[in-house]
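Undergrad: Got two chains here, separate frames each, mind docking them using the hints?
Listed below, chain by chain, are the residues.
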Amino acid sequence: MFQVIDNDGKVINKRWMPQISDTRLLKIYKDMLFARVADLQIVSYQRQGRIFTYPPNYGQEAIAAAAGALIQDNDWMVPAFREMGTMLAKGVTLKELFLYFMGYEDGSKFENAKFTLPISVPIASQLLHAAGIGYAVKYNNEDKVIYAFVGDGGTSEGDFHEAVNFAGVWKVPVIFIIQNNQYGISTPTKMQTASDSLAIKAVAYGVKGIQVDGNDLFAMYKAIEESVKVCRNGEGPVLIEAVTYRKGAHTTSDDPTKYRTKEEEQEWDERDPMKRLKSYIIANKLWSEKEEEKIIPQFKEEVDRQFIEAENYGPYPKEDIFKYLYAEMPDDLHDQERQYDRFLQWKATKIK
Amino acid sequence: MVNAINDALDIKLAEDKSVIVYGEDVGVEGGVFRVTEGLQQKYGASRVFDSPLAESGIVGTAIGMAVAGLRPVVEMQFCGFIYPAFNQIISHASRMRNRSRGKFETPMVIRMPYGGGINALEHHSESMETIFGHIPGLKVVVPSTPHDAKGMLIAAIESNDTILFMEPKRIYRAIKQEVEEGKFIIPLGKANVLTQGTDVTVVAYGAMIREVQKAMVMAKEAGISVELIDLRSIYPIDRETISKSVKKTGRIITVTEGPRTYGVGSEISQIAIEEAFLNLEAPPARVSGFDVIVPLPKGEHHFMQDPYKIFYEIERIVKY
Numbered sequence: 001m002f003q004v005i006d007n008d009g010k011v012i013n014k015r016w017m018p019q020i021s022d023t024r025l026l027k028i029y030k031d032m033l034f035a036r037v038a039d040l041q042i043v044s045y046q047r048q049g050r051i052f053t054y055p056p057n058y059g060q061e062a063i064a065a066a067a068g069a070l071i072q073d074n075d076w077m078v079p080a081f082r083e084m085g086t087m088l089a090k091g092v093t094l095k096e097l098f099l100y101f102m103g104y105e106d107g108s109k110f111e112n113a114k115f116t117l118p119i120s121v122p123i124a125s126q127l128l129h130a131a132g133i134g135y136a137v138k139y140n141n142e143d144k145v146i147y148a149f150v151g152d153g154g155t156s157e158g159d160f161h162e163a164v165n166f167a168g169v170w171k172v173p174v175i176f177i178i179q180n181n182q183y184g185i186s187t188p189t190k191m192q193t194a195s196d197s198l199a200i201k202a203v204a205y206g207v208k209g210i211q212v213d214g215n216d217l218f219a220m221y222k223a224i225e226e227s228v229k230v231c232r233n234g235e236g237p238v239l240i241e242a243v244t245y246r247k248g249a250h251t252t253s254d255d256p257t258k259y260r261t262k263e264e265e266q267e268w269d270e271r272d273p274m275k276r277l278k279s280y281i282i283a284n285k286l287w288s289e290k291e292e293e294k295i296i297p298q299f300k301e302e303v304d305r306q307f308i309e310a311e312n313y314g315p316y317p318k319e320d321i322f323k324y325l326y327a328e329m330p331d332d333l334h335d336q337e338r339q340y341d342r343f344l345q346w347k348a349t350k351i352k
Numbered sequence: 001m002v003n004a005i006n007d008a009l010d011i012k013l014a015e016d017k018s019v020i021v022y023g024e025d026v027g028v029e030g031g032v033f034r035v036t037e038g039l040q041q042k043y044g045a046s047r048v049f050d051s052p053l054a055e056s057g058i059v060g061t062a063i064g065m066a067v068a069g070l071r072p073v074v075e076m077q078f079c080g081f082i083y084p085a086f087n088q089i090i091s092h093a094s095r096m097r098n099r100s101r102g103k104f105e106t107p108m109v110i111r112m113p114y115g116g117g118i119n120a121l122e123h124h125s126e127s128m129e130t131i132f133g134h135i136p137g138l139k140v141v142v143p144s145t146p147h148d149a150k151g152m153l154i155a156a157i158e159s160n161d162t163i164l165f166m167e168p169k170r171i172y173r174a175i176k177q178e179v180e181e182g183k184f185i186i187p188l189g190k191a192n193v194l195t196q197g198t199d200v201t202v203v204a205y206g207a208m209i210r211e212v213q214k215a216m217v218m219a220k221e222a223g224i225s226v227e228l229i230d231l232r233s234i235y236p237i238d239r240e241t242i243s244k245s246v247k248k249t250g251r252i253i254t255v256t257e258g259p260r261t262y263g264v265g266s267e268i269s270q271i272a273i274e275e276a277f278l279n280l281e282a283p284p285a286r287v288s289g290f291d292v293i294v295p296l297p298k299g300e301h302h303f304m305q306d307p308y309k310i311f312y313e314i315e316r317i318v319k320y
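Each protein sequence line maps, in turn, to chains A and B. Counting in my numbering, the first sequence runs from 1 upward without gaps. Counting in my numbering, the second sequence runs from 1 upward without gaps.
Here chain B stands alone, though its shape is the one from the complex (with noise of 0.2 Å):
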């Protein structure tokens, strides 16, 4: 996945000069992850550059450079650090275009590692997204695999509104999957159905597919076909989709990495009581994080979600 964003920037950075990436230690080392890895030296040091220590500061000249015609893509560290420019996000960026009623825009985008899994220190593995998503203004999107990272950056960088592009870290490198070169764009605000099923829609995105792909090896086993649908995006959030596919199943389970309250599984379980109510067979169902801080790595499996407790929730739910 880490090849995948590179290849779209060095895509965007070679075909449009309006577009900057910068953030911290984002040039010359490429990134902690080395996600913008060989940009400043192919781009030079005004297109691809190191900032300041200073998250605010990141976003809101991000914003001030967009308004001004360039299309910044910044990179947070990591998403325990965006709080910073939490107001820079929900005060302008989702705003500037409301505000100024069309004049002034904010084709920016935010990218941000996020999730947990990868044994690092406080604040390095949250999954915040419900807290952006709830932001009017804001796109809030989450790729699963290379491919789609590529095809979603290159679509974020293209779009006209802020996009906060989250990555899961957990599977930057661990997912092999050959990506189709040269440029292509997948629509932003569209789920994929990665998986046809009729017994159970699982909703999943970011690292949790994989996860969910593990737990349905033991579905299959016990004679339960899942219907998997990868988010994709947080918002806007593709009603239609998961509209479509409780009523084939009527059973609902979100597989979420973030504190349960409140969470995208809650809005996407609401969704599926107002579109498919008379299909429901059993309450919908969510597999996500408890509402209690990220433990370090030594607890981290007690918060994280596996294949077990996805499976353990499938079997529940179908036999409802």
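With the rest of the complex left out, here is chain A (with noise of 0.2 Å):
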């Protein structure tokens, strides 16, 4: 497993520590923070009953920023649905996040992040969209790279299978990165797979293929920039497990005390991502806990002030449940909807 620093954040593999300049490392560092905070509190208003099913992504930041701090405006990212760090650096608001997970398609409009694909729920479904993007990109001699996210349950699926394959077949320019959190939903992944690791999956494809520390931003960055070479050199696709920990519950429905332990929590908080990027931020002066204190309310306040915009946002309007679905709406489809409006005129009229 490709790793540069250690727990305590201490540089383990200097010849492969990315180039990042300070400021450049402390914005990523705040992203992560920024990103941690927001996941606590949507977590309690979930609790509260403010917002439906969330999927936290704590313990997991470390992924969805490098790929943020690499990811270009013109690069397309292809979300699963754990990757709210990368969702955030191309654009995406927390307010459209939580649109959508308050109940509102709207929240996938993702009006300032270009070439960001929605949320896919059906799992790994979403890689052959990329596989399928990447050989546009191609065809149209276009420099872009694809990011697209997969779980370590999703390399079950058939559809992670066949687009690995389409993509090394055509080889174009998509990083595929596995986040393995350990579990899909609560079944371990050493129940999704007899192979040593995911990683070793790309040998089958033909493809180029790392297991990284997954909670070690040096070492994702690395990785991710290495790919990123590699897919504008016309070497791609590139397959990246980058091996992780989801120390929430897979859902605000789950409860994960069912099927792990105390005991491997706190083996995975000693390798916290936040925790080890802190430790190294801090040991060379960047940072410090006082500035840590500060930002943390502010940062707080500013989700609440998007969370409390996203539930204002107002009423669904009727004809958005027809007038998205067709380029060109079908006219039975239409008279469907005039017959739910003369339902709701007899509704206004006579039920009190």
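Among the clues, some could well be false.
To be verified - Which chain B residues stay away from chain A? Per the calculated CB distances, all over 12 Å, these:
{"no.": "1", "residue": "E15"}
{"no.": "2", "residue": "Y22"}
{"no.": "3", "residue": "G30"}
{"no.": "4", "residue": "F81"}
{"no.": "5", "residue": "M218"}
{"no.": "6", "residue": "Y235"}
{"no.": "7", "residue": "S266"}
{"no.": "8", "residue": "A285"}
{"no.": "9", "residue": "P295"}
{"no.": "10", "residue": "P307"}
{"no.": "11", "residue": "K309"}
{"no.": "12", "residue": "E315"}
As the list claims (entries may be wrong) - Pairwise CB distance ranges, derived in the manner of DEER restraints:
{"no.": "13", "chain 1": "A", "residue 1": "F52", "chain 2": "B", "residue 2": "L53", "range": "36 to 46 Å"}
{"no.": "14", "chain 1": "B", "residue 1": "L296", "chain 2": "A", "residue 2": "V203", "range": "40 to 50 Å"}
{"no.": "15", "chain 1": "B", "residue 1": "Q270", "chain 2": "A", "residue 2": "G158", "range": "34 to 44 Å"}
{"no.": "16", "chain 1": "A", "residue 1": "M191", "chain 2": "B", "residue 2": "Y308", "range": "52 to 62 Å"}
{"no.": "17", "chain 1": "B", "residue 1": "E275", "chain 2": "A", "residue 2": "Y313", "range": "34 to 44 Å"}
{"no.": "18", "chain 1": "B", "residue 1": "P187", "chain 2": "A", "residue 2": "G103", "range": "33 to 43 Å"}
Claimed, not checked - Which chain A residues stay away from chain B? Per the calculated CB distances, all over 12 Å, these:
{"no.": "19", "residue": "K14"}
{"no.": "20", "residue": "A167"}
{"no.": "21", "residue": "D269"}
{"no.": "22", "residue": "L286"}
No lab work stands behind these hints, which were simulated from the structure alone. Note that beta-carbon positions come from the ideal geometry of N, C-alpha and C, so glycine has one too.
TA: See the structure below:
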């Protein structure tokens, strides 16, 4: 497994330490911190009944942050659903994510995020879209890379294998990032595959693959940076297995105490990506606990501001359930809408 | 019909560089039915090519190409092999536009031969248009002549919606027809009244049109006037044409190849009831497959609709 820093944030692999300026590194750390603050706050909103099901990211921030730091405006982002850091980096707003999880499709418009697909709920199915986008990018001679995400459970789906295979045959610039957070809901990775690793699956498809410590920001950054070079040289795709741990539940409807132990959780606390990067930046005098204490309330306030904006988004217009389905709406669907209008009129006048 | 489809692809490949054609064996060989023959030689292997043998992969990657601005036209080798791609169709191709509130569209065509009567192996004779017609966000069309196949395929490729283009393989080479040269379009979603009549409306599509036309010869001899409608589009369904016709004739029969229950015939019967209840002189009738697996070739005639089965029903309904 590729690592650059240890659990205490000490550099153990100087040769592969990426070149990141202090300002940039600090920005990455703050982005990770913002994502974690947001995540914990969203879970509490959910407990208050103010938002529906939500899949938390915490514990996995380094992966999405590294991808977020490297992804360009014109690159494609093909998310699964646990990549908040990369989504925010692309220009998706927290408010949009809130809207989505509150039950508005409008949250998937991503008004300021170019080339970012909506969240894909059916596991691993989105990876094929990434391979197809890769084909289009190559066909049009565009200088773009496609970042595509999936979890460890998703690697058991046929679409995962088809996607890596198609991308390999077509030699398209896709970086497949597997967030191996050890569990597909409650099923441990060892029950998903008999392979020694998920990265090793790259070998069978004739593509480059690497297993990376997903809780090591520097290792993730370097692995993705190198993958981008590979892709831009026309030698893609690349398969990255990012080994990490989902500290929270699968979603707010899940209870991890049923399938994992306190000891295991504590063991992974030692490898927490925030803790490790923080140790590094404090040791290098880029950051202090004091600054962190100061910034957290500001982040909380920002999260709250966007959440309240989303809460006040307003009613869901009836026409919206009809009008986006087709570029050219069938007459019959128009009729169904008009029938519903008549019912609504009847209801408004007759039901008190 | 094979030549007409090839011609439509040729025209669109020539005029629009975003059109890409691929699927299993469609490149070098030109497809198992030779529908895409010669296109790779003409347009090159980056535009017309063989894909890995994986239907979900073919449709899933086409979705990606489409959101990125291409207009993929992919082939499913047989209707019976489309099911691995079903998830991509129902979960993404038909939803991407709605999910992204119109930000991303999937202008793509999935071409697929369907239907029985060709003495084929298991999984090569199904007519499962109903299950696709039930998917919100998808359009499903079926041509019945070479002329329609050309005009409808060009319309499908130019549409910004996802279109399932079902090709009645039984008549791929069975119908000879002069097809207009050059580009023309047949708008999708509109049925075609092939023959005007007064006693009974028969609605069919694809390879069933020819069977109905043979039954109409018998009907004519029996003094029955049949109005024949080629539905052309499974979804959207042309309520107006069906309703106008059944109001006139007072009787309606559907002729479809797939299993009966919840079939296209059932939907059309319901439309007739809703639109022309007081004009009906007989209950809507369905000539269709049974709710069974399509038998292998030696038993297939029990399952398939033929002119006798259709005429039998026409006579029964007119005398009702």
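Undergrad: If a hint holds in the structure, say so; if it does not, say that too.
TA: Hint check results:
Every CB of chain A is more than 12 Å from the CB of E15 (chain B) (nearest about 17 Å), matching its label as outside the interface. Residue placement check: Y22 (chain B) does not keep its beta carbon more than 12 Å from all beta carbons of chain A (closest about 9 Å). For G30 (chain B), the shortest C-beta to C-beta distance to chain A comes to about 20 Å, beyond the 12 Å cut-off, and the non-interface label holds. Distance check for F81 (chain B) against chain A: the nearest CB is about 14 Å away, which clears 12 Å, and the non-interface claim stands.
Annotated as non-interface, M218 (chain B) keeps its C-beta farther than 12 Å from every C-beta of chain A; the closest such distance is 34 Å. Against the 12 Å criterion, Y235 (chain B) falls within the reach of chain A, whose nearest CB is about 7 Å from its own CB. Every CB of chain A is more than 12 Å from the CB of S266 (chain B) (nearest about 16 Å), matching its label as outside the interface. A cut-off of 12 Å between C-beta atoms confirms that A285 (chain B) is not in contact with chain A; the least separation is 23 Å.
Listed as outside the interface, P295 (chain B) is consistent with that label: its C-beta sits roughly 30 Å from the nearest C-beta of chain A, beyond the 12 Å cut-off. Remark: the non-interface label on P307 (chain B) is consistent with the geometry, its nearest Cβ contact in chain A lying 31 Å away (cut-off 12 Å). Listed as a non-interface residue, K309 (chain B) keeps its Cβ farther than 12 Å from every Cβ of chain A; the least gap is roughly 29 Å. Even its closest Cβ contact with chain A, about 32 Å, leaves E315 (chain B) beyond 12 Å, as expected for a residue assigned away from the interface.
Separation of F52 (chain A) from L53 (chain B) is about 40 Å and conforms to the stated range, judged on CB atoms against 36 to 46 Å. Against the hinted window of 40 to 50 Å, the Cβ-Cβ separation of L296 (chain B) and V203 (chain A) comes to about 42 Å, which satisfies the hint. Here the CB-CB span from Q270 (chain B) to G158 (chain A) is close to 37 Å, well matched to the stated 34 to 44 Å. Separated by about 57 Å at the C-beta atoms, M191 (chain A) and Y308 (chain B) satisfy the suggested range of 52 to 62 Å.
With their beta carbons about 40 Å apart, E275 (chain B) and Y313 (chain A) fall inside the hinted range of 34 to 44 Å. As the Cβ distance of P187 (chain B) to G103 (chain A) is approximately 36 Å, the hint placing it in 33 to 43 Å holds. No Cβ of chain B approaches the Cβ of K14 (chain A) within 12 Å, the least distance being about 39 Å, so the stated non-interface status holds. Under the 12 Å C-beta cut-off, the non-interface status given to A167 (chain A) relative to chain B is violated; the minimum distance is some 9 Å.
For D269 (chain A), the requirement that its beta carbon stay farther than 12 Å from each beta carbon of chain B is met, with the minimum near 37 Å. Every beta carbon of chain B lies more than 12 Å from that of L286 (chain A), the smallest distance being close to 38 Å; the non-interface claim holds.
Checked against the numbered hints listed earlier, the structure breaks hints 2, 6, 20; every other hint is satisfied.
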